[in-house]
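With the hints as your guide, set chain X onto chain A.
The residues making up each chain are set out below.
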Amino acid sequence: VNVGLERRLAAWLDERDPGSPPAHLRRAVAEVPYATKPDAWPVLDRAMTRIIGPWTPARAALVAILLLAAIVAVVGAAVLRPWDPFPPHGLIAYMEPLPEPGSSGITLVAADGSGKRQVSPAEANRYDHSPRWSPDGRTLLFARTTQLDPLASCGGVGSVVLYDVATGTERVVAAGLRPMNVIEWSPSGDRAAYTYPPPGCGAGVELGIVDLRTGAVTTTVVLPQTSEADPAQGVLWHVEWAGDVPSAVPDATTVTTNGRDFTTSTDVRSHDRRSVVRYAFTSPGRIPGLVAIDGATGASIDLGPGGLPAWSPDDTAVAYIQPGGPAGPDAVNYRRAHLVIVSVGSWQPRPLIDVLVIDMQPADVLPRVSWTSDGAAIFWFDPFDAKGVHVVEVDTGRSAVLSAIPATCADVQWQPIGP
Amino acid sequence: MISRSSVAALEVDRRAAFARLADGQLDAAYRIAGVILGNGGDAEDAAHDAVVRAWRSFATLRDTTKFEAWFQRILVNVCRDRLRKRRRTPVTELDMAGSTAGPDGFAGIDDRLALNRAFARLSADQAIAVVLRYRLDLTLEGVASRTGVPVGTVKSRLHAALGVLEAALTGAQVVEL
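Those sequence lines, one after another, are chains A and X. Residue 113 in the numbering used here sits at position 107 of the first sequence, with consecutive numbering throughout. Residue 1218 in the numbering used here sits at position 134 of the second sequence, with consecutive numbering throughout.
These are calculated hints, taken from the structure and not from any lab test. Glycine included, each C-beta is placed from N, C-alpha and C at the ideal position. Any given hint could turn out to be false.
[To be verified] Covered stretches of chain X (chain A as the covering partner; in silico rule of three or more C-beta atoms under 8 Å from a C-beta of chain A):
1) 1146–1155
2) 1212–1226
3) 1229–1236
4) 1241–1252
[To be verified] Residues of chain X placed beyond 12 Å of chain A at every Cβ, according to the derived structure:
5) R1115
6) G1118
7) R1170
8) R1205
9) S1207
10) D1209
[Unchecked claim] Going by beta-carbon spacing under 8 Å, a handful of chain X positions derived as facing chain A:
11) F1102
12) A1106
13) A1204
Isolated chain X, as found in the complex:
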């Protein structure tokens, strides 16, 4: 029979283990959330929410070597919820005057404005797919596992999203002409 002190020790170990694992993922989580949500404040909240949700469900994770993928899936869900909530409320567009051209020489202010607007028009699922694929360089299978949908669904989301973004950029160039 396991003694009460042994149970307490196991509980302490479990908390410490989770704290270590969460700390190891915090950098990536904050940055992914920042890219998806577009600002540091929301990214902080999302990363913290994801850690809280992960801890609440930690007992369901049987293999801690899969913590990264499991946690990223939770984070993606948190970001999706926030994007959906945000898109139900009116958004004031940021004043981008004064922005400078990007280091690649293409992403100038018009590009950024156009991409900002277009990204805001994407559905939450499309926006997340774009970030996971083009920011984290995940494979289609990786995106599928993080978002919990089939690869075919990921493909169609990316296709639709890129269409919107490309049209936005084309429009920006036309204006520029």
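Next comes chain A alone, as it looks inside the complex:
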């Protein structure tokens, strides 16, 4: 330290000392606590002063403008939702064949291909299927068939499994059951219902109900035995819940009118079960037609040809793939289709994006679409193009193909993401 500098500096600072304060200042200071109102919010006021300086009308106007702009931005952002992630967050569960002989299992993967993990243990002759997310997206329910006889088309022992996604642990809720075709959560989430038989088993139809807390199972014979007269003969049965009551429903019903012509139809009901879209075809090679039956008015609306539809989570719209024209010279072996959304009430199809579907037999099969649980996106897997899972954002039409999901997958289910 330069001592000489410090000494000269101290002397100079000493000269600047103004001495004692004048008497009028002392009097003014003494009046301050009686003449000045203290801040109501001293800490907030101090912070605001530090940020924007002393409180003047101009500064107040500036803050008001900034606040207004922030409100407009928040409201605008809420309306436009520009920050919605796309593809949506959440894991995708699907079924695929496993390397072990005679075995299929469930796999989870994020839309970007990260976090891939196999839920099902590697074991021969084991068949895990029907992955279904709980409403909060934390638990995966699925059906398992073990002790499969590789030489027989039917058999094995069924069990119901819950998989905790956070911990990666599974809990077998009920075991020693008949093998299942499909299993579904109850709306309340405390039970599950399944149907028997699985594909390849010619047998009567049973509905099983599992209490997921206790593991207790009750079964009901829905159809004692199949018969030639049964319009659902040979088809599989799935579960539909109406409130807290499950029922077994045939995937399709065939009606023969004159012994030669027939109509096979599948009813896709809204979640509130008031309206229905009937998907029906009359002969192989023809694209099925869709007819909506409005539960509010009872009106029947012809939606034209299309693939299996899906109701939006809030039952205000139906999405499906509608056939279009030729794909053009740039897409040989493809034909054009459209993903359309129909609003309930107006029933006017609104094309969302064009879709290329492979131009091969069977021509009557268009991909079946699904909605994400928040209704923000529609996705489907087309086994014929084998590109992966297609996903489209409803509000913007943004689309992507998730190639991380293999072409051999089935039963693709998107994890619900909470608010």
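Same frame as chain A, but now just chain X:
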């Protein structure tokens, strides 16, 4: 339950307590502000502003034994604001003709002119650090607590400020030669 008259009495006590505390600090506050700002008029305004600000925030001071340090910090902030505002406006240099040599025999008119100019070139934070350290003889930790910055920051401010002042004085001597 506290009665309305008790609340009024407490309020009167609070005002009186603040008035006593502020009066006790007024001398030092006026002189510090005078040294930092360089003139009595600004020092008066700064000391008064600091008292007003302190009273407005008095409710946030939980321990009145720390009033001195708390108040000096407010005063330093007031002085910093005034220095910054002043340095955004053109300054007319004072005519120092007629000044006499200081009592130490070194701080002659050239020294004072040089220090005046150099001090005016310091940033507000540097000028405040110099005054607190070399006028109030505060430790580095004391300067840090009054200015609300780490000790390392105080050191660097003082180092930079002394460099400017020393260069100014060296320049004055060269001119003198």
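Each hint tested on the structure:
1. For the segment 1146–1155 of chain X, the assignment as covered by chain A is violated, since 0 residues bring a beta-carbon within under 8 Å of that chain's beta-carbons and 3 are needed.
2. Only residues whose beta carbon comes within less than 8 Å of a beta carbon in chain A count, and the segment 1212–1226 of chain X has 4; three or more means the coverage holds.
3. Taking a C-beta to C-beta cut-off of 8 Å, the segment 1229–1236 of chain X contributes 0 residues in contact with chain A, too few for the three needed, and the coverage statement is violated.
4. Here the segment 1241–1252 of chain X counts 3 residues with a CB under 8 Å from a CB of chain A, which clears the bar of 3, and the coverage holds.
5. Here X/R1115 does not stay apart from chain A, with its beta-carbon only about 5 Å from theirs, under the 12 Å limit.
6. Not every CB of chain A is more than 12 Å from the CB of X/G1118 (nearest about 3 Å), against its label as outside the interface.
7. Against chain A, the non-interface label of X/R1170 holds: every CB pair exceeds 12 Å, the least being about 15 Å.
8. Listed as a non-interface residue, X/R1205 keeps its Cβ farther than 12 Å from every Cβ of chain A; the least gap is roughly 15 Å.
9. Remark: the non-interface label on X/S1207 is consistent with the geometry, its nearest Cβ contact in chain A lying 17 Å away (cut-off 12 Å).
10. Annotated as non-interface, X/D1209 keeps its C-beta farther than 12 Å from every C-beta of chain A; the closest such distance is 15 Å.
11. Because the beta carbon of X/F1102 sits about 5 Å from the nearest beta carbon in chain A, less than 8 Å, this interface hint is met.
12. With a least beta-carbon distance of about 6 Å to chain A, the hint placing X/A1106 at the interface is held under the 8 Å criterion.
13. Interface restraint check for X/A1204: the shortest CB-CB distance to chain A comes to about 12 Å, outside 8 Å, so the restraint is violated.
The structure does not agree with the numbered hints 1, 3, 5, 6, 13 stated previously, though it agrees with the rest.
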